[in-house]
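Novice: Each chain, written out:
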Amino acid sequence: MRVRTWIEGWPVVRQLTDGDPLGRGAAAKSKHSAHLDPRTASADKVVKSVCPFCAVGCGQNVYVKNDKVVHIEGDPDSPVSRGRLCPRGSSTLQLTTGSSREYRVLYRRPHGTDWEQLPLDQAMNMIADRMIKTRREGWQWEVDGKRTRRTTGFASLGGATLDNEENYLIKKLFTALGAVQIENQARI
Amino acid sequence: MAECHPVGFQWVMEAKARGAKVIHVDPRFTRTSALADIHVPLRAGTDIAFLGGIINYVLTNDKYFREYVVAYTNAGTILIEDYRDTEDLDGVFSGLDVDQRSYDFHTWQYEGMEVQAASGHRDLEYQDKAGGGNGRSRRSVHHSGRGEAHGSGGVAITGVPQVDPTLQHPRCVFQVLKRHYARYTPEMVSDICGVSVDTFLQVCKLLAENSGRERTSSFVYSVGWTQHTVGVQYIRTAAVLQQLLGNIGRPGGGIMALRGHASIQGSTDIPTLYNLLPGYIPMPHAHSNEDLDSFIEAESPKKGYWAQMRAYTVSLLKSWWGPAATPDNDFCFDYLPRLTGNHSTYETVMAQLAGECKGYFLLGENPAVGSANAKMQRLGMANLEWLVVRDFSLIESATWWKDGPEIESGELRPEDIGTEVFFLPAAAHTEKDGSFTNTQRMLQWHHQAVEPCGDARSDLWFTFHLGRKIREKLAASTDEMDRPILDLTWDYPTKGSLAEPEAEAVLAEINGWDAEGSPLSSYEQLKEDGSTACGCWIYCGVYSNAINQAARRKPAAQQDWIAKEWGWAWPANRRILYNRASADPDGKPWSARKALVWWDEDKAKWTGHDIPDFTATKSPHYRPPPGATGAAALAGVDPFVMQADGKSWLFVPAGLTDGPLPAHYEPQESPVPNLLYRQQRNPVRQITAMVHPHDRFEPSGGEPGTEVFPYVCSTYRIAEHHTAGGMSRFSPYLAELAPEFFCEVSPELATERRLEHAGWATIITARAAIEARVMVTERMTPMTVAGKRLHHVGLPYHWGHSGLATGDPANELAHLSLDPNVHIQEVKVLACDIQPGRRPRGRARDALVEEYQRRAGITERTGTEV
Chain A
1 MRVRTWIEGW PVVRQLTDGD PLGRGAAAKS KHSAHLDPRT ASADKVVKSV CPFCAVGCGQ
61 NVYVKNDKVV HIEGDPDSPV SRGRLCPRGS STLQLTTGSS REYRVLYRRP HGTDWEQLPL
121 DQAMNMIADR MIKTRREGWQ WEVDGKRTRR TTGFASLGGA TLDNEENYLI KKLFTALGAV
181 QIENQARI
Chain B
1 MAECHPVGFQ WVMEAKARGA KVIHVDPRFT RTSALADIHV PLRAGTDIAF LGGIINYVLT
61 NDKYFREYVV AYTNAGTILI EDYRDTEDLD GVFSGLDVDQ RSYDFHTWQY EGMEVQAASG
121 HRDLEYQDKA GGGNGRSRRS VHHSGRGEAH GSGGVAITGV PQVDPTLQHP RCVFQVLKRH
181 YARYTPEMVS DICGVSVDTF LQVCKLLAEN SGRERTSSFV YSVGWTQHTV GVQYIRTAAV
241 LQQLLGNIGR PGGGIMALRG HASIQGSTDI PTLYNLLPGY IPMPHAHSNE DLDSFIEAES
301 PKKGYWAQMR AYTVSLLKSW WGPAATPDND FCFDYLPRLT GNHSTYETVM AQLAGECKGY
361 FLLGENPAVG SANAKMQRLG MANLEWLVVR DFSLIESATW WKDGPEIESG ELRPEDIGTE
421 VFFLPAAAHT EKDGSFTNTQ RMLQWHHQAV EPCGDARSDL WFTFHLGRKI REKLAASTDE
481 MDRPILDLTW DYPTKGSLAE PEAEAVLAEI NGWDAEGSPL SSYEQLKEDG STACGCWIYC
541 GVYSNAINQA ARRKPAAQQD WIAKEWGWAW PANRRILYNR ASADPDGKPW SARKALVWWD
601 EDKAKWTGHD IPDFTATKSP HYRPPPGATG AAALAGVDPF VMQADGKSWL FVPAGLTDGP
661 LPAHYEPQES PVPNLLYRQQ RNPVRQITAM VHPHDRFEPS GGEPGTEVFP YVCSTYRIAE
721 HHTAGGMSRF SPYLAELAPE FFCEVSPELA TERRLEHAGW ATIITARAAI EARVMVTERM
781 TPMTVAGKRL HHVGLPYHWG HSGLATGDPA NELAHLSLDP NVHIQEVKVL ACDIQPGRRP
841 RGRARDALVE EYQRRAGITE RTGTEV
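Keeping their order, the protein sequence lines are chains A and B.
Using our numbering, the first residue of the first sequence is number 1, and each one after it goes up by one.
Using our numbering, the first residue of the second sequence is number 1, and each one after it goes up by one.
Rather than coming from a laboratory, the hints here were simulated on the basis of the structure.
A quick note: this is a predicted structure, and the numbers were derived from the prediction, not measured.
Heads up, some of the hints might be wrong.
Once the Cα atoms are required to be at most 20 Å apart in a straight line, the calculated DMTMM-like pairs of lysine to aspartate or glutamate come out as [stated by the list, open to error]:
hint, chain 1, residue 1, chain 2, residue 2
1, A, K48, B, E502
2, A, K68, B, E431
3, A, K133, B, E472
Covered stretches of chain B (in silico footprint by chain A; criterion: 3 or more residues with CB under 8 Å from a CB of chain A, positions within the stretch not fixed) [claimed, not checked]:
hint, region
4, 467 to 473
5, 708 to 721
We put the beta carbon where it would ideally sit given N, CA and C, even for glycine.
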């Protein structure tokens, strides 16, 4: 009996006997994989989200366990995407949790040949100081006799990958500082 | 669409399964072509000729939807006698100032009425309306760019337009249109586009048969249409055609822009763009003694919803400067910095090279790879004092000083580059709350799942705390320059150990509130007196009843096909814009199967599947009394409510810098002469400010040297990667699917240039030489154009030197000749050469480009002719 069970357990036998001749269904499962649960089943919570790649706006379900994102899938409830994700959207887990992400502030001093590390708060202060200085140096009350009340000393590029709320604060802050060269991918 | 927006493409396939015909017009054969009924490979850069040919077919064969055209477009409007068409002037319109490279649009006007653009290039008429000014300031306004303001419109300043409803008057728009496109015959289209007459006529017939009362057709486009020196006019040509066919404002109709980034629509609505304020209110341009009154007077129409621009603007100023904004100080209108021309991203690069722009923020963007003429981008950054890069990974724009192409070639050494670089890691969408606006104007909220790790922070956090620090550092300042930043409302609540600002509080400000602080529910509630605040008037309602409407997620299965309880679409949660046009002038659906909204006579209101994009209780039989303004001035048969005349425009009398009707021009660089006109290129394309040793143009259209760059290359994307690769080349899954840069060539071109499949090729333009793996494929179709064989070189542009999948950036090849309306670069069509083998290394790489420039006789003047 044991031998028979053993033989019946062979994938190739199951392929031929279980109606899965191409071995792309149940026959491909091993005993090990038969007892695996999807990460989605054991997640602590499911958070509703939106795919961050293109502008179709496919719904995503983000599965969280022990305060870590463990899986991201298409949201079947979405009238936009009906649960589908494309190759890019399907890679969202790697985009958000993969090894290519950098988590440290890095600093390259003028004429430097390599990165250095910098505490976040120090970097924020240094950036704020540079903005204030550059703004003053590049300040233009007037151009050709017409009031401009602005600086052309610094510029920004980006926003199409960001949230509306982020774009709103960027536009609000930079405009209040007098910057006009505020641009994003929508131009490009 | 199947490559770049695959999940959206499922609906195209759904439509196909229900009998729809899918036509794919594209120089290359993609996964879209594979699933389409017809694939039409056409020469890159010739879409206006192709679409213009269809317009000619529709007009000559009386295939237009006459009732729709007469009722809802400006077809019958009569133009002034001064107007001269490209047919009269061999390819240019009246009003061209060759020295200034700009058009005076005054000869494009309506008879008996002066029309101004209600958006688009509105400020063009500042001098006429507000007085003063001179030619120079007009030119600088011309160059400042308003064209991406969505939906141009017009306003009667004085008088009433003369309209011939029979469309017979020789100067009416309809007749002008007929003459303008009369020479866009099937044979001409075939000769220019490299498409057979039979295939072209097949497309014409399918489109005409599938439009009208009972049926509608839709156009879908992406940057294949926008990234040209005539990009805006590409879309305009489609708009003319769709108006003639009655395909706007109706279900299954429209012209759909598929946008490439999750919130690129949102970043245009709430613009991180130089020329706009939130909700497409223009950024003020520098004029003498300009106050809020003269700004509103010059920029806003008297009719249509833009007539309330003062209420939108005052409410925005109140949301930014709160109690400091009062009627006595013009609501701090003076706090807004002023434009003096074009301050677009490419101008910014020139300002960096000139040393004027010293600091630069890159927020989730990678110009060292993703912008045209990538070398100029890097050289600009190498001339900065400081650079801040916020991204997930160490993209090329963060590391060019260390390992960029100029370092590799020895042209630059890190020791010589003075730029101070800050890299700040960004939080992902799973690590923050916020909304994206998708390509159909729908806001969807994503909820935070986890806290970001390490130093990673959201851009909301970064911007808020940066502003907080700057305000603290300047708190004691009495300098007038600092008033706008010190008076700014900047007190957002924060949460958690990282002090993350509450994104929903920002959304509430965007939505706006009344004098009591209660959330508004509609932009119609906005007031001119400062009693309302609203950060973006078109988003007003997204937080109505203090509920985050963008976070609504009623499952699709529990809703009808409009699904209006999923997310929230601006304006007012309307899903199809201008949907009043889905009903006939009497308010009845054009046909039962295409019903969307209609007038319910018993209830005396508009109703239907979608939320009507029209005043709900305005009868189709309403006619405005003389002197009416704003929405009340729109008649019951004026569906285009943002347009000041309530009509859609076949002919654009104001608002575009390069002509009232689209005309076919060859790209900046083309091996082919313009077969339609003596004028080779768009005469007002934007190049003058950009002449630079690293941005040389090639000879075109049979000039001596054209033969040095005999092929047409086009850049594009594939399903496996995302834009410039910052979000895909660093991902092992995607890198494995498409591991390196490649070019696509036909077997015929491979034979001609001895290119081997899977071998290497070097592609050369007047700017750069890059190398790519060769893919020899029948997906690339050789074509016959103007009697000669023409080949394309296909270039996916996703790669750079960093990440797991690498290769030369295709954008090294591109030049900076731009569309004059919106300053977008022409990367969809360039002339090039291709040779077998890898590109030279080191200084030899530049030497190869210089040799090509010499052979083609290129100087700084080449290609800059009007």
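Novice: Could you work out which of the previously given hints the structure breaks and list their numbers from low to high?
Specialist: Those not satisfied: there are none.
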